[in-house]
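Make the full structure from the sequences, and use the hints.
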Amino acid sequence: MRLEVTRKSDLAVRSLKTLAANQKRMKGPALARAVGSSSGFVSHVLAPLVRAGWVRSEAGPSGGYSLSVDLAEVSLLEVIEAIEGPTDSGRCVLADRACNHGGTCALHGPWLEARSHLLDQLKVTTVAEAATVPTS
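Its first residue numbered 171, the sequence shown is counted upward by one per residue in the numbering used here.
Treat the hints with caution; some may be incorrect.
Pairwise CB distance ranges (calculated) [to be verified]:
#, residue 1, residue 2, range
1, Val239, Val175, 13 to 23 Å
2, His278, Ser238, 37 to 47 Å
3, Ser208, Ala276, 41 to 51 Å
4, Arg203, Ser286, 32 to 42 Å
Hint data in this document are derived by calculation from the structure and do not stem from the laboratory. Note that this is a predicted model, so its numbers are computed, not measured. We treat Cβ as the ideally placed atom computed from N, Cα and C, and that holds for glycine.
In structure tokens, the structure reads:
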């Protein structure tokens, strides 16, 4: 099984927090500057957040992005899975095959326990609670 968090998830959380702090609609370029990224990449990252209903996107001269949910109601795990996809792929941590196919690997038990603790922590930590990291 593969558990990976990319820069896109970090950017998604920072974008949500920036929209919450701004409390009004933000144009794509302004949001991109605020989170230290490009407009195109921010647009790409925000698309799943729009589909999830957490961000509103309005086109046109007066359009932009705005938050449509209380960030205390959205977990970090929900954001990561919206951006990266499901965290449980059913794949072995060591080999590119289905887990339990032909027996378990030596890491199976400890890996499942560690993964469970990590996912539980991400599930109970809301975006509102996540630390805001300044852009570089």
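Here's how the hints hold up against the structure:
| no. | hint | result |
| --- | --- | --- |
| 1 | Val239 <-> Val175: 13 to 23 Å | 21 Å, holds |
| 2 | His278 <-> Ser238: 37 to 47 Å | 41 Å, holds |
| 3 | Ser208 <-> Ala276: 41 to 51 Å | 43 Å, holds |
| 4 | Arg203 <-> Ser286: 32 to 42 Å | 39 Å, holds |
In this structure, every one of the numbered hints holds.
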